[in-house]
Each structure stands twice: as C-alpha cells, then as structure tokens.
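2 protein chains.
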Amino acid sequence: MTDEVLFEFLHMEMVSNVYKEQQSNKMQMDNKDRAACVSVLESMGFRVGQGLIERLTRDSPSFKDELDIMKFICKDFWTKVFRRQIDNLRTNHQGTYVLQDNKFTMLTQLSNGKQYLDHAPKHLAFSCGMVRGALSNLGLDSVVTAEVAVMPSCKFQVVIQKL
Amino acid sequence: MTDEVLFEFLHMEMVSNVYKEQQSNKMQMDNKDRAACVSVLESMGFRVGQGLIERLTRDSPSFKDELDIMKFICKDFWTKVFRRQIDNLRTNHQGTYVLQDNKFTMLTQLSNGKQYLDHAPKHLAFSCGMVRGALSNLGLDSVVTAEVAVMPSCKFQVVIQKL
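Residue numbers (this note's numbering), protein chains in the order written: chain D, 3 to 165; chain L, 3 to 165.
Treat the hints with caution; some may be incorrect.
[What the hints assert, rightly or not] For lysine-lysine, the following DSS-like pairs were computed, each having C-alpha atoms within a straight-line distance of at most 27 Å:
1) Lys105/L <-> Lys28/D
2) Lys105/L <-> Lys124/L
3) Lys28/D <-> Lys22/L
Quick caveat, the hints were computed from the structure, so don't treat them as lab data. All figures in this text were calculated on a predicted structure; none of them were measured in a lab.
Using the sequences provided together with the hints, build the complete structure.
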C-alpha cells in the first residue's frame, strides 16, 4: 500500500521540480519551455524503463515477435509499474499500437475536473519514456505518445520505427 | 522485485537530474552549488515523507512518546521505504537519536570502493528529508543528517528541536 504510493509521490515531486527549474528565471513558461520539460522527463523515463525491463525479462523466454513483446508490455510490465494491466490493446498490424488504460495510475491522484486536462501531459511524459526505454532494450525503436480524453483514462500510441 | 527497484531507479534519475540542472551553466560546481542540490533533494524528500507517513499511520494507534515514534520510524517506516529495518537505534534520551543501517538501500547500487564515498551525500539527502518530513507530520521538528564511514552502511542522526 505505502510502497505503491512511494513511486507516485516521488514521480509527482520530480515533475514539479523539473517544471520549477525550467520556470525559475522566467515570468511565464511558453510552449518551448513546456516541450523542454516534457523532454527531460521523457529521457528520465527512458533510462528507468531500460533498467526495469532488464530485470523483468531476466527469466523470461525470448519473444516470438513484435506483438508478443507488446503483450508483455501490456501485461507484465504494466502490472509491475502501474499495478494494473492495459485494458485494451489494438494494432493495425503495421507497427502501430494503441494501449488503452481506463484508470491510469499516474492520473488517479489528479482531480477529474475538465480544467485539469491541460496538466495531463506533464504527468504522462515520464511514462511514455519508460515504455520507449523498455521497447528499446527489447530491440524495438519506437515513438511513444499519450493522450487523455477523459480523466483518468489514457491512450498510449506506440509507433514502431522500422529501419 | 521490480517494484522495489523502481523507486531506486527513479531516485537515481532524480539525483542526477538535480545535479545536472545546477551544473548546466557552469564549468565546475563549488560547495555552494552542491549545497543547493542537497537542499532541493532534501525538500523533495520532506514532502514525500509527509505524504507517506500520513498513509502509514492511518490505522496506527497514537504514540506514547518521542521514543515510541522513533521506533516506528526505525521499523515500520524503514521497512516500507527501504525494505529493511534499522539495525541499531541509540539515543542520549535528550532528543538525539542515531539510526544505523548496515546496508542502506540507496547506497547498495553504488560501488563499495572508497573513491565513491564522496558521492554518498547526494544519495542521502532525499532520505534525510523523508525522515524529517515523516517526523514533522508526527509533531516533531528535527534536523536530520547522515554520514557514511564504510559503504553501504550509513548512520542517520536525528536531533529533535525542542521549542
């Protein structure tokens, strides 16, 4: 119970620290500043995702194919990190995957009000990075983005980059 | 297993991010810069400690006295956050406590070599803050410092500030 929230509390502090640092010398943040923050958080997530997947797959058999890897991310990886499985996985079978989480852990601490929708991206950047880092260590280059239509549900889009 | 390292990985990224931010505009960091980093990490830890102890003590009976609180920190709090209990608690019965952890979780990922001793403080600041935050929410103002003589063992000194 407490161990669970430890990660969320730390994540929240980290997000607010990154934004505070970026803002420290300015009156107001512009879109470029916000993009810089998202990028910092995404990179941190990337490295954490790399480290985690290494531990997670230590005793796993190798994967059959790309879809097999994505299923592992949706089940095992998601459960370990976010304490629930992805609710829905869709793919066009051409390297694009949509992972839907109806109650995304990193958003459940935020209020559900519509006015908080604008704040969602900063709470998703680290997680996008983690997924990208995990996939990268499994040999898949990808672009991972997230969008929120209704809190706290969240859709992650993974586009595998073919060489 | 993986959940456990998630906190450590995130903590490590956070430490390195705070130092990178501070260093970004300089050739070299001086003591003042280092103190600023430690202070940022300590404050983040403080807020996380406050949040955690609130959850942790929700179903706990109230505490008898100061020593009772310190024992709770050494056992329950330490186990939840660092996955082990404090090995030794000493006090002068005048508000000073020394908590010894012979294998401190936040240091076990670092190499044991003597040359890494200099790096220890940056990995302890957040934890010191967490202890201070937890005590603060239990009604005790304190100063918390940590020192490492031999890795990965660590001594935390807690000095309760009487009014």
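Regarding the pair Lys28/D and Lys22/L, is the alpha-carbon distance no greater than 27 Å? Given that 27 Å is the threshold and the Cα spacing comes to 19 Å, the pair holds.
Does Lys28/D lie within 27 Å of Lys105/L when you go C-alpha to C-alpha? Answer violated: Lys105/L to Lys28/D is near 43 Å, above 27 Å.
Checking one constraint from the list: CA of Lys105/L to CA of Lys124/L, max 27 Å. Satisfied? 17 Å, holds
Hint 1 alone, counting from the list given before, is not met by this structure.
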